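All chains should be modelled from the sequences, with the hints used to inform the complete structure.
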Amino acid sequence: MITSAQIRAARSLIGLSQGQVAQTTGLSIPTVKRAESEKDAPVSRAAVDAIRNALENAGVIFIAEDAEGAGVRLRKSRQAGGLRPEELNAANDD
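Counting from 388, one number per residue, gives the positions in the sequence shown under the numbering used here.
For the record, the hints were derived by calculation from the structure and aren't laboratory data.
Where hints are given, some of them may not hold.
Distance ranges between label pairs, derived from CB positions [as the list claims (entries may be wrong)]:
| # | residue 1 | residue 2 | range |
| --- | --- | --- | --- |
| 1 | ILE416 | GLY458 | 36 to 44 Å |
| 2 | SER391 | ALA454 | 14 to 22 Å |
| 3 | LYS420 | ALA478 | 38 to 46 Å |
| 4 | GLY456 | SER424 | 31 to 39 Å |
| 5 | ASP427 | GLN407 | 36 to 44 Å |
Within a straight-line C-alpha distance of at most 20 Å, the following computed SDA-like cross-link-like pairs (lysine to any residue) qualify [said to hold, decoys possible]:
| # | residue 1 | residue 2 |
| --- | --- | --- |
| 6 | LYS420 | ALA392 |
| 7 | LYS420 | GLY402 |
| 8 | LYS426 | ALA396 |
No experiment lies behind these values; they were computed from the predicted model shown.
Using N, Cα and C, we set each Cβ at its ideal position, and we do this for glycine too.
Structure below.
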């Protein structure tokens, strides 16, 4: 699971406000604030997953914890004409 620090860093990296993340995910601003808090504030797994998905869709990559720690970075821009796996469907099948 991603950390509160990763959520804060990811949101900052792409320049979204807590309100924008809340609106994108359908969550409340207090829920987003709790997810970003270092305190042991209760946040559901579903809420954290929704935040993660929204930030990943906006171009963030979450880096798992290793000897150097957890982190975030921006995804490289896709080449023109390329599709991500989740964009593949029968309508664009050649």
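Range hint 38 to 46 Å: satisfied by the CB atoms of LYS420 and ALA478?
-> Roughly 39 Å apart at Cβ, these two residues keep to the hinted range, so it holds.
Pair hint outcome, LYS420 versus ALA392 [Cα-Cα no greater than 20 Å] = holds (12 Å)
Do the alpha carbons of LYS426 and ALA396 lie within 20 Å of each other, as the hint requires?
-> holds (17 Å)
With respect to the beta-carbon atoms only, verify the hint that SER391 and ALA454 lie 14 to 22 Å apart.
-> holds (21 Å)
Is the hinted range of 36 to 44 Å satisfied by the C-beta distance from ILE416 to GLY458?
-> Cβ of ILE416 to Cβ of GLY458: about 25 Å, so the range 36 to 44 Å is violated.
Does 31 to 39 Å hold as the CB distance between GLY456 and SER424, or does it fail?
-> With Cβ atoms ~19 Å apart, the hint is violated.
Measuring from beta carbon to beta carbon, are ASP427 and GLN407 in 36 to 44 Å?
-> violated (26 Å)
Are the Cα positions of LYS420 and GLY402 separated by 20 Å at most?
-> The hint holds at about 16 Å.
The earlier numbered hints that this structure contradicts are 1, 4, 5.
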